[in-house]
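*Asks:* In order, the protein sequence lines correspond to chains A, B, C and D. Residue numbering for the first sequence is 37 to 481, as defined by the working numbering. Residue numbering for the second sequence is 18 to 181, as defined by the working numbering. Residue numbering for the third sequence is 39 to 434, as defined by the working numbering. Residue numbering for the fourth sequence is 727 to 1056, as defined by the working numbering.
Just so you know, these hints were derived from the structure itself, not from any lab. Do not take every clue at face value.
In silico DSS-like cross-links for lysine-lysine, where the CA-CA straight-line distance does not exceed 30 Å [stated by the list, open to error]:
1) A:K315 <-> C:K358
2) A:K313 <-> C:K355
3) C:K394 <-> A:K313
4) A:K313 <-> C:K118
5) C:K118 <-> C:K411
6) C:K358 <-> C:K394
7) D:K809 <-> D:K795
8) A:K69 <-> D:K795
9) C:K355 <-> A:K201
Across the chosen pairs, the derived CB separations fall in these ranges [as the list claims (entries may be wrong)]:
10) D:D729 <-> B:A24: 30 to 38 Å
11) B:E146 <-> C:D98: 29 to 37 Å
12) C:Y122 <-> D:G781: 49 to 57 Å
Using N, Cα and C, we set each Cβ at its ideal position, and we do this for glycine too.
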Amino acid sequence: MPALKGVGLLKGLGVTLKTMTRPAATRQYPHVKPDLPARSRGVIALIEENCTVCMLCARECPDWCIYIDSHKEQVAPKEGGRARTRNLLDRFAIDFALCMYCGICVEVCPFDALHWSPEFEYAEHQIEKLTHEMDTLRTWAYSVPAPDPLEEGAIEPKEIESARKAREAVAAKAAAAAEQARAAAPPVPAPAAAATQPAAATTTGAAAGTATTTPTAAAPTPVAGDAAPAASAGAAGAGTTTAAARPADVEVEPGIDQATYDRLLAAGESDRTARAKAKAAYMRRAKAEARAAQAAGATEPAPAPAAPAEAAAPTQVPAGEGAPAAEPASVETPAAATAAPETAPPAPSAVGTPEGAEPAADARDPDARSPEGDPTASGTAAEVVAPGAAAAQADAEHLEIEVDQETYDRLIEAGEPERTARAKAKAAYARKLRAAQRDGGGAGS
Amino acid sequence: MNGQEVAFLILAVIGGLAGLLVVTSRNVVHAALYLVVALASVAGVYLLLAAPFVAFVQVIIYVGAIVVLILFGIMLTRAPVGRRVLDNTLRARVGAFVVGAGVFIMFTVFLGGAFGDERIENQGATATEALGESLFRNYVLPFEAVSVLLLAALIGAIVLARRD
Amino acid sequence: MATELGQQGGAAFQAADGTGVGIIVRDKADRELHTQDMTLNVGPQHPATHGVLRVLVTLDGEMIEDAQPVIGYMHRSFEKLAEYRDYRQIIALVNRHDWVSSICNELGVALVVERQMDLEVPERATWIRMLMAEWTRVLNHLMFVGSYPLELGAITPMFYAFREREEIQALMEWITGGRLHLTYCRVGGLKQDLPRGAIQMSRDLVPRMRERLKEYEDLVLGNEIFAARTKGIGVLPADVACSYGVSGALLQAAGVPEDSRKTEPYLFYDQVEFDVPTGRNGDSYDRYATLLARIRESLRIIEQVNERIPPGPVNVKLPKVVRAPQGHAYVRTEAPLGQLSYYMVSHNEKTPWRFKMRTPSFNNVSSLPYLLKGTLLPDMIAVMGSMFFIVGDIDR
Amino acid sequence: MIDAARDLLDNYWVLMPVKVLAVLAIFLTFPLVVGYMEHKVMAHMQARLGPMEAGRFHGVLQLVADGIKFVQKESIIPKAADKWVFALAPAVALIPAILVFGFIPYGPDLVPIRSDVGLFVTLALSSVSVIGVLMAAWSSANKYSLMGGIRAAAQLIAYELPLVLAAAAVAMQAGSADLAVIVERQGWWGYIVGPLVIGFFVYGTAALAELTRPPFDMPVADSELVFGHLTEYTGLRFAFFLLTEYAGIVSQSAIAATLFLGGWKGPFLDGPWWLAAKVLALSFVVIWARSTYPRLREDQLQSFAWLRLVPVSLALLLVVGFLKVYEVGI
């Protein structure tokens, strides 16, 4: 055995002794909750209103742990035209015992229905209980944080970029309009709307909904001003438009582009695929035309005026940019939203009913969204959309997603950190709200 | 019969029983463990004789070292693990009986011859110092002789065990 | 069984009722002293095998006569699974064979698919990949820097390693959202860009890690007991290492400066400065020292990468369904544990037709019988710990 | 009144239970304190906090909680185990560890059992614990246990020698094997000033090995032998072994403090508190070593004992004898 010279032994003792004098690295977990980053893959949250039962997530899941049931339903045509079928979500469950948290489902979801939430305390004593149904998945959506801004030199995802540009334009124009309004004593809503239109018209895809902003709510002016500097605002904007605002998108009658259909059939595509693609092609064309028409007739109020939801969306954005997304700003969203339905035509604004969400899915071309779009970037959407959608569900009544104060106080008292308490309180509120609504017989539809 | 004698009686019974079990036990590890008891009771007897130093040295050397060594050796070689027994052959039994009886007779004869019926009174506590004096003054030659013998045995064992 | 053994003249060690552990006892007549070999199963559930590796050891006393690693307890058929998964799913999958170096694994997959598709990856993505890969390397090495002394009985380095890992882990979690299975690479780039401030955090971490490395040197490497336990133990000479296909820190400790980052640079490893540390004796001590040195080199690379990430996209636009064209491609990367290669044969479908992995641990562990022969049983732990393997990486 | 109380205390049958109770109290509190200290000190040395919950304040009641847990656990005896030996082993290990506390001088007149060979009594008692270990190892019917037991036995035999020799050097220096006398003949600085400082280190190392504490914990090396002779033990029996270990730390620290550090003597006010402080300090070192060092291999451990410690302690004995005979004062 080599001689124990002892210097190394003493040095070792020195290291341990030095460490003893330093503060420990331990985190007192159950007492002090970890502050998880926005991208944390804690649990997958579902915003069921956004789900169109496209099954992409279930198909892409490497271990097939997503279970989706749906049924088809005929929707009566609005004003003439043919009846359409759409898929209605009956069940959406994720087996977290199987899930390997790769995040592919969140990534592929074209409608931002799935999000990562940093919640992680959902252990169960039985493995079957780890299969969580829609209700639970929906609850987690309230704790989805705002996404982190990207590192310098990063290229924004396309939809975020366009949304940001749109909003900046809106903000600029709105500021101008406000200026004008101050000059001319009685505020005329029309110019503001007019101002919004061209800007929005430049946007594409997801943000297109902004184009239909109506002057019904006075909100855009102050709100957009707030939103201007936020880079991540785009996320919120994008998310919102995909969700709440989608119904407000340009309405076109569904049809089939015969040329495409024939071409595809000739190319050997199956009838179903060909039909779907042809339909998509038709919709694209029709929508483009509609938008062009809108842009042309700028002074005309837009045909689908259910906008306030997304008009309010930017409100939330600065909050999302800053700290926890659950700032009061986001709570205002439904407040604005409630103002809308008065003027809103029944069909598109009734987001709460599944029919409300459906046309959007139909009308949208999923391919338009770049697949590598930043999925978590729309994380804020959860915050915004959630209340928005829930409020819409509650129809025109004054139901806002707020923090359930009672729960909140109780949790804070119990030592929960602010973020968790707020999220939970919000969830509690949402639960109550929905319960109340169910009892009330679903006045919305 | 005074207290001392009662204590001796108890110790003697325990020691004797344990000794009997050492040789009759069919499990070699048990035998070694009974040996511990036997040796401990001998240490107790030393205590009764007011020779605490000898008593504790007995514990250190015999219980702490010798029996441990025996156990060590048994376990290293062929200890039946668990409750399994390792029965001796008849030849081994006979041999053991012969040796045991021989030793017993020898001691009976020697001790009986030396002391007979004489009653030896307890001479009071032997101080460790006195023990040391007698060992290193009066009996230093035998002491050294024994140590040299032990040393020779030790070296011999090492020489035998080394294979290279 | 026990009785049988009893009839043979008694076994050195007998199992309770002969269940569970198998014992093979062979008499050795050619020895002066009558000794018996004992076969001992180390593993599949044994603390020293971190996972389910089983080593069948034949012992003469405490001397190991023969050691056979028995693998396959954790076989999850990655290669076959990969034939039924699209490329993104494969990336999520390969995270898991070597579970402490996920980015390096998925990087290899991304690279092999990109090579087959002849895809140009944006510069920014490549630099960020390098950053992540090197941090992963540090994470992985820290794991072994902590666990190896633990196997030798020093409990503290493990906690230090995890303290350090936690700090790096925070960065990784912030960037990718995951902690172990990061799933950050994609064919053609990355999942998403870094969050704002990540590069600064990475910059801050480097000097802190350097400072901490000093502690390991004082606490472990400089410790005489550690040296006594590891020096001259498990010597793997360079030629033997090469013949077994050993790679990574083990090969470098044997004195061969082989590192795919140098010899066959991928990403931008040819544009950064770093050295390949080598050892002299190829023993356990050298392997540990090489591991620490490799962390230093990784930190050096990270330092350079931090300053060189250009602005730009991190992704190329790909069709919704990625299909690699007909043909085959091979990519060789330096994973933390050694050379990690992927070989892919594609038939222009969304899944590969064949997906072969060459994982470092498998080859490294195959040298175990050579290393263990003639060592003492306690040294087996010292040798096995210094093999730096992950069982999932062996069995796949 | 006071006289009456003194008379009462002089009565053997009154005094004995009092002494027994006092020793038991020491036995029950100090190992727990050291156990708690091990939890906390080791945790902080490893950049952790250690137990924080039990007992509200920094987990002070952690060991009590552990004890309650152990009591509740099922006491499993393996089917193939030798039941009696298996069950008795913890007691054989624990009882000598308790008895040692009876012979330690806690203060000028605070020696529960005074014996003029007190030193040998303590050494003898601590050597008996080995039997318990061997019993546990063998009776478990488990290869790992058995190997742990064999290693433990080999180690304990090897280190017994330097331990006794170092202690003998002290006895020689003090001219008595009576622990109380040994303390009285030391200054408060003890015997660590002078050649006996080597003895202190030899004794400390050997005691560490005797306790099978790191870096000499090969017998329970968890990465090789699972848990050595304790592998099959559960519940209360396991707790007894654990208690034995902590009691061993305390008693060995106490003996070392008595032999080399001046026992209950201190710079200001002599008394048991000094002994307590020294015991805690030595226990701290034991824990410190555990959290810093890897373990030695069995053969290294043996050669360290036979080739280094034994010659050194023999030489020390010679030196001390020489100095004593020629009255070169230490």
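*Asks:* Checking each numbered hint in turn, tell me which of them this model violates, lowest number first.
*Replies:* 3, 4, 5 and 11
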